[in-house]
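J.: Generate coordinates for the entire structure from the input sequences, incorporating the hints supplied.
Chain order of the listed sequences is A and B. Residue numbers for the first sequence follow the numbering used here, beginning at 1 and rising by one. Residue numbers for the second sequence follow the numbering used here, beginning at 1 and rising by one.
No lab work stands behind these hints, which were simulated from the structure alone. None of the values given here were measured: they were computed from a predicted structure. Quick reminder that beta carbons are idealized off the backbone N, C-alpha and C, glycines included. Be aware that a few hints might be false.
Dumping the calculated DMTMM-like pairs for lysine to aspartate or glutamate here, alpha-carbon to alpha-carbon at most 25 Å [unchecked claim]: (1) Lys71/B / Glu56/A; (2) Lys139/A / Glu161/A; (3) Lys30/B / Glu56/A; (4) Lys101/A / Glu70/A; (5) Lys76/A / Glu23/B; (6) Lys228/B / Glu137/B; (7) Lys64/A / Asp188/B; (8) Lys73/B / Glu161/A; (9) Lys164/B / Glu135/B; (10) Lys69/B / Glu161/A; (11) Lys141/B / Glu224/B; (12) Lys152/A / Glu224/B; (13) Lys39/B / Glu94/A; (14) Lys76/A / Glu24/B; (15) Lys30/B / Glu20/A; (16) Lys39/B / Glu20/A; (17) Lys157/A / Asp66/B; (18) Lys71/A / Glu24/B; (19) Lys190/B / Asp179/B.
Example chain B residues on the side facing chain A (calculated, C-beta under 7 Å, incomplete) [said to hold, decoys possible]: (20) Leu14; (21) Gly18; (22) Leu49; (23) Tyr51; (24) Gly250.
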Amino acid sequence: MYIFNQRELNYMQPDALILELQSKNLKAFEQIYNLYSENIFGVIFAIVQHEKISEEILQDVFIKVWNNAEKYSPTKGRFFTWLLNIARNAAIDEIRSKSFKKSNQNYNASFYVDILEEKSSFSSKIDAIGIKKYINTLKPFCKKIIDLLYFKGFTQKEASEKLEIPLGTVKTQNRNCLNSLREILIEK
Amino acid sequence: MNLNEYIESGLLELYVCGALSPEESIEISKKLHEHPEIKSEVEQIESALQYLGTAVAPYNPEELLDSIKQKLKNMDHSIPVIVAKPKRTTNWTAYIGWAACIILAIGLLALFQKNHSLRTELRAVAIKNVQIEQEIENVRKSSEKTKQLLGILRDYDLTRVPLKGQKIAPDVFVNILWDQKENRAFIDAKDLPEPPPGKVYQVWSLTLDPLTPTSIGLLDQFEEDENKIFVLNNPNNSEAFGITLEPAGGSTSPTMEQLYVLGAVEAKS
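T.: See below:
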C-alpha cells in the first residue's frame with residue numbers, strides 16, 4: 001500500500017494525482033484516499049460524533065469523489081477545500097435527518113477540543129497527546145473560531161454573527177489562531 | 001495590497017476553510033498560480049488543518065477503502081453487461097446457413113411429394129384416356145352400324161312387316177324390314193322386354209298353308225345391343241313372322257304359349 005510522506009502532505013497539493021483521478025484511475029483514487037481519508041474522517045466525526053455513522057458518511061463522500069471528480073477545478077479552489085465541503089455537507093445533512101435525530105436524542109454538538117479530550121485511542125500517524133497538550137494552550141476564542149470555520153463550515157459572515165465580532169476581525173483572528181497552531185506543528 | 005499584506009490579511013485561511021464566496025475563491029486561486037509565495041502559504045495552512053482533522057479522527061479508516069472499492073465495482077458492473085450483449089450477433093451466418101438448409105430440405109420434400117402425386121394422377125389420366133378411347137371406339141362403331149342401317153333403309157326396297165303383341169305381351173310391337181333381294185331381315189326389337197336368364201328370343205318365318213314355321217335365328221346378346229336391331233338371313237318365301245321366347249340355344253319348333261309377336265306379310269301389289 002502506498003504510504004504518503006509527510007513532506008508531500010505538508011507542502012503540496014498532488015495535482016498529477018488529481019488529474020489521474022479525474023480520468024478514473026483507481027490507483028490514483030486509492031492514493032487520494034490514503035492522503036485525505038483520516039483528516040476528512042476527523043472532520044466528519046467532529047460533526048456527527050458517532051463512529052459507525054461517520055464511517056458510512058466517509059464511504060459516501062469518497063464514492064461521490066470518484067463519481068464527481070471531473071467537477072473539481074483548480075481555478076475554483078483547493079482540492080482539499082472541495083473535499084472538505086462535500087464531507088461537511090454530508091455530515092450536516094446527516095445530523096439534520098430524521099433518522100439521526102431519532103437515534104441520537106442526546107446529541108449535543110461539541111468542540112473538536114472536547115473530542116480530543118475524550119479520545120482514548122490515538123491515531124497512528126500523529127501524536128494526539130502532543131497536539132492535545134498544545135491545543136489546550138490555544139486561547140478559548142481560537143478554539144471556538146477554528147471549530148466554526150473549519151469543522152462546522154461556517155462562512156465568514158455566519159461566524160461574525162455567531163461570535164458577535166466584525167467581519168474583518170474574524171479574518172484576522174482566525175489567521176492569528178491558525179498561526180499559533182502552525183507554530184505548535186513546526187515545533188514537533 | 002502587496003504580497004505580504006495579502007498573506008497576513010487572513011483571507012488565505014478562510015479560502016482553505018471554504019468560508020469565502022465562489023468569486024473570492026476564484027480570485028485567490030488565480031493569485032495562487034501567479035505567486036509561489038501565496039501557494040506555499042496556502043499549502044502550509046492546509047497542512048495544519050489536515051493535521052488537526054487527523055488528530056480528531058477516532059482511528060484511521062484505512063480498512064474502509066476495500067468496502068468503497070467494492071461499491072464502486074458494483075456500480076461499474078452495471079455498464080459492461082449492456083456492452084456484452086451484441087456478441088450474439090456474430091453467429092448470423094451460421095443461422096442463415098441452417099435456415100437455408102431447412103428451407104431447401106422442405107422444398108425438396110415438397111417437390112418429391114408433388115412429383116409423386118403428379119405421377120399417380122398421370123397414371124389415372126392414362127387409364128381414363130384408354131377408357132375414353134374405348135368409349136369413342138364403341139360410339140364410332142355404333143355410329144357406323146347406325147349409318148349402315150340408315151343406308152340400308154334408304155337404299156333398298158324393303159318390305160315392312162309389323163308384328164303385333166300377342167296374349168303374353170299385348171302392348172309389344174316389333175317391326176321387321178325384309179330385304180327380299182338380299183334375303184335379309186332386319187328385326188327392330190326395341191319394344192321387346194329383356195329375356196329372363198336362360199331364355200332367348202327366336203324368330204320364325206311362317207308359311208300359312210299349311211302353317212309351317214322355319215327358324216331364321218336367335219336374337220343373341222339381346223341386352224348388349226343398344227339399337228336392338230338384329231340382322232338375320234331369311235331365304236324363305238315367308239308369309240308371316242313370329243317371335244317366341246325359347247330356352248337358350250333355341251328350339252326346332254316354336255313354343256306357341258310363348259309367342260310374343262306375330263304379323264303377316266302383306267301381299268305385294
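J.: Against the structure, test the hints numbered earlier, and report the numbers of the ones violated in rising order.
T.: The structure conflicts with hints 3, 4, 7, 8, 9, 10, 12, 13, 17 and 24, although it agrees with all the remaining ones.
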